[in-house]
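These protein sequence lines are chains A and B, in that order.
Oh and the first sequence: position 102 is 102 in the working numbering, straight run, nothing missing.
The working numbering runs 1000 ahead of the 1-based position in the second sequence.
Just so you know, nobody snuck in bad clues.
Label-pair restraints from in silico Cβ distances:
(1) B/L1047 <-> A/G61: 26 to 36 Å
(2) A/I12 <-> B/K1078: 35 to 45 Å
(3) A/T117 <-> B/L1084: 28 to 38 Å
(4) A/S83 <-> B/A1107: 24 to 34 Å
(5) B/P1040 <-> A/H85: 28 to 38 Å
FYI, nobody ran anything at the bench for these hints, they're computed from the structure.
A virtual CB, placed ideally from N, CA and C, is assigned to each residue, including glycine.
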Amino acid sequence: GAVVSQHPSWVICKSGTSVKIECRSLDFQATTMFWYRQFPKQSLMLMATSNEGSKATYEQGVEKDKFLINHASLTLSTLTVTSAHPEDSSFYICSANLPSTASYEQYFGPGTRLTVT
Amino acid sequence: AQTVTQSQPEMSVQEAETVTLSCTYDTSENNYYLFWYKQPPSRQMILVIRQEAYKQQNATENRFSVNFQKAAKSFSLKISDSQLGDTAMYFCAFMKREYGNKLVFGAGTILRVKS
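Excised from the complex, chain A in its bound form (with noise of 0.2 Å):
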């Protein structure tokens, strides 16, 4: 149990366009996400924490009008890269956790791997 997917899993858009990442929790419901930046052989840094029903909070550094978090349901929160560039590629990871207080465990999507030519 406690599944979460992302999609895609690769994708690759013009210098400009607009680019939305989705994450889904498969088998529960996750009242709260998070949404990580990964560039190669470094750390996983957290972008925003995603809540359902209210707005995202981002984290300091981040652009929040150009990473917009949207947190829709109980199983689905999506990412999506405004105006990208080429330094935005980089891999993109979610987590979510149960939505008990007794579980503190979260739990990653495979990640996006988003390529801005």
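Based on the hints, put chain B in the right spot on chain A.
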């Protein structure tokens, strides 16, 4: 703010041998959680082991065990009988539930298991 330090960027070990990955962290909190995650070449994050700070007993999961030294703020991972499938990047992570369950990751250690 909490910080997590992994001082070994890369390590290698022979198949069937034992290897220990180091992790130290800095916090003034008393109740928190510590994790080791594995990221193989597929880049899927996999939970290896977790430790609740209030538990004195070191966590163990099959070939994986930790040495949790709370006073020293140290949380090392020991992998016994290393297998080729253990080749991956390993991340140590800290979490406090009152901080919104956010994970703070270390820089990672690349482990290569050689045959």
